[in-house]
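All chains, please: the whole structure from these sequences, using the hints.
For the protein sequence lines, the chains are A and B, in the order given. Quick note on numbering: full-length UniProt numbering labels position 43 of the first sequence as 43, and the sequence is numbered without any gaps. Quick note on numbering: full-length UniProt numbering labels position 34 of the second sequence as 34, and the sequence is numbered without any gaps.
Just to be clear, a hint being listed does not mean it is correct.
Claimed, not checked - Pairwise CB distance ranges, derived in the manner of DEER restraints: (1) Tyr108/B with Arg106/A: 48 to 54 angstroms; (2) Ala67/B with Gly58/A: 28 to 34 angstroms; (3) Pro182/B with Arg6/A: 28 to 34 angstroms; (4) Ala122/B with Pro128/A: 21 to 27 angstroms; (5) Gly20/B with Ile123/A: 42 to 48 angstroms; (6) Pro182/B with Gly86/A: 27 to 33 angstroms; (7) Lys156/A with Gly158/B: 50 to 56 angstroms; (8) Lys63/B with Leu181/A: 20 to 26 angstroms; (9) Gly147/A with Pro75/B: 19 to 25 angstroms.
Said to hold, decoys possible - Derived, one-sided and incomplete: chain A residues facing chain B with beta-carbon distance under 8 angstroms: (10) Ser49; (11) Glu129; (12) Gly146; (13) Val148.
What the hints assert, rightly or not - Some chain B residues flagged as far from chain A (calculated, every beta-carbon gap over 12 angstroms): (14) Pro9; (15) Arg11; (16) Gly20; (17) Gly30; (18) Thr78; (19) Ile123; (20) Gln125; (21) Pro131; (22) Asp143; (23) Val148; (24) Pro157; (25) Asp162; (26) Ala187.
Calculated directly from the structure, the hints in this document are not laboratory data. Beta carbons are placed, not taken as given, at the ideal position from N, Cα and C, and that holds for glycine.
Number of protein chains: 2
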Amino acid sequence: MDALERIPPRRGRAQRLVQGQTLRIINTHGSQVVDFWAFSAEDPLEFLSMEHLRASLGRIFPKAGDALVTNRRRPILTLTQDTSPGVHDTLIAACDSHRYAGLGCRDYHENCTDNLHAAMRAIGQRAPECPSPLNLWMNIPVDAAGGVAFEAPVSKPGDYVDMRAEMDCIAVMSACPQDMLPINGEACTPMEAHYTLV
Amino acid sequence: MDALERIPPRRGRAQRLVQGQTLRIINTHGSQVVDFWAFSAEDPLEFLSMEHLRASLGRIFPKAGDALVTNRRRPILTLTQDTSPGVHDTLIAACDSHRYAGLGCRDYHENCTDNLHAAMRAIGQRAPECPSPLNLWMNIPVDAAGGVAFEAPVSKPGDYVDMRAEMDCIAVMSACPQDMLPINGEACTPMEAHYTLV
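This is how it looks when you write it as structure tokens:
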């Protein structure tokens, strides 16, 4: 296992993956949502796409063994292991400045959309857009009438997911800065997370 | 009411809307899915976004009275009336050439993604990407375990939805060419639809 890399609270990181490498993302403190994206290294216009993934899986939530597909319906990663109860979200947009303004924030608030673009720029890449993210550990229950709620994660400290690259790609992770809703736990305190290559 | 405009089977149409105008989309034959997009006329990088809409509504399905928001979380349209049972889809990507290849199609198959881009080009515009569409009348039930199914529409001939423009925008509609799954009815025969300004 390589060294542990830190995703600071409220910040994003991008990591290049070679086909066959496995990325482990760790919920160090247990209740931190990590927004996740993946872009093809060859052509960043091809990326992990939630609306294509739901059609491919026939489910709104991915689980271990699932191929995670792009907007060209090709596997970019495989979710090989998940030590958490598997409650992740594919439905909700990354937070952005407009979201925090709507919640009453008057000043700049860190957000996952800006974190995506900053993390890509930091490795000399450019995200062509902000795709709908795979929100790891984000707990968005859907009821029988189609209602969705924003709940605290059900994961525990040290839970991790492993994803194997099915093509050379760039993975981007953002430790979600949401502190106005309990999406990162009832304490509303965004925390660090970690990742490594295994 | 203006003249009825035809959306031919398997094809797309784009229509400019001025703030305050209401677009009526008619399911002429009752079981035709119409993929729907809307882009700001001022800046097409702002568009109707399903992942932002679900967060805004707290529901995965929109209903009459709902503001339909953009990727900047501003209302672009209001769904003012819906004569159908309200079964629409916000979860599934527009069909594309990769989808039909995956279903076994060897030759070109018309698809909603190409229809979006062609319809925009036909009025001298360019879609910056293919946002996840609002799939009018598309019947994608979600079960308690998060499973999704592809079912025939529950609408009837002549059902319509009215949407009022909340900003100057471009609406794009595609009469979905899907004929390999029963998403446009058990006969798997894509049909025309119509629209008008009311």
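Comparing the hints with the structure gives:
A hinted range of 48 to 54 angstroms holds for the C-beta pair Tyr108/B and Arg106/A, which are about 52 angstroms apart. Checked against the given bound of 28 to 34 angstroms, the beta carbons of Ala67/B and Gly58/A, roughly 30 angstroms apart, stay inside it. The hinted window of 28 to 34 angstroms between Pro182/B and Arg6/A is violated, with their beta carbons roughly 49 angstroms apart. In this structure, Ala122/B and Pro128/A meet the distance hint of 21 to 27 angstroms, their C-beta atoms being roughly 24 angstroms apart.
Look at Gly20/B against Ile123/A: about 46 angstroms separates their beta carbons, and that is inside 42 to 48 angstroms. A hinted range of 27 to 33 angstroms for the beta carbons of Pro182/B and Gly86/A is consistent with their spacing of about 30 angstroms. At about 54 angstroms, the beta-carbon gap between Lys156/A and Gly158/B stays in the expected band of 50 to 56 angstroms. The hinted range of 20 to 26 angstroms is satisfied by Lys63/B and Leu181/A, whose Cβ atoms lie roughly 24 angstroms apart.
Take Gly147/A and Pro75/B: their Cβ atoms lie about 20 angstroms apart, and the range 19 to 25 angstroms holds. Proximity of Ser49/A to chain B holds as hinted, the smallest CB-CB distance being about 7 angstroms (cut-off 8 angstroms). A distance limit of 8 angstroms between C-beta atoms decides the matter here; for Glu129/A the minimum to chain B is near 6 angstroms, and the interface restraint holds. The beta carbon of Gly146/A is positioned within 8 angstroms of a beta carbon in chain B (closest approach about 4 angstroms), and the interface hint is therefore held.
With a least beta-carbon distance of about 6 angstroms to chain B, the hint placing Val148/A at the interface is held under the 8 angstroms criterion. For Pro9/B, the shortest C-beta to C-beta distance to chain A comes to about 22 angstroms, beyond the 12 angstroms cut-off, and the non-interface label holds. With a cut of 12 angstroms on Cβ distances, Arg11/B stays outside the contact zone with chain A, its closest approach being about 22 angstroms. No Cβ of chain A comes within 12 angstroms of the Cβ of Gly20/B; the nearest lies about 23 angstroms off, and the non-interface call holds.
Against chain A, the non-interface label of Gly30/B holds: every CB pair exceeds 12 angstroms, the least being about 23 angstroms. Its beta-carbon lying about 17 angstroms from the closest one in chain A, Thr78/B satisfies the requirement of being farther than 12 angstroms from that chain. The claim that Ile123/B is not at the interface with chain A holds, since no C-beta of that chain comes within 12 angstroms of its own (minimum 22 angstroms). At the 12 angstroms boundary, the C-beta of Gln125/B stays outside the reach of chain A, the nearest C-beta of that chain being 17 angstroms off.
At roughly 9 angstroms, the least C-beta separation between Pro131/B and chain A is not larger than 12 angstroms, which violates its mark as non-interface. Residue placement check: Asp143/B does not keep its beta carbon more than 12 angstroms from all beta carbons of chain A (closest about 9 angstroms). A beta-carbon of chain A comes within 12 angstroms of the beta-carbon of Val148/B; the shortest separation is about 6 angstroms. Taking the minimum C-beta to C-beta distance to chain A, about 25 angstroms, the non-interface status of Pro157/B holds against the 12 angstroms cut.
With a least CB separation of 21 angstroms from chain A, Asp162/B remains clear of the 12 angstroms interface cut-off, as annotated. No Cβ of chain A comes within 12 angstroms of the Cβ of Ala187/B; the nearest lies about 22 angstroms off, and the non-interface call holds.
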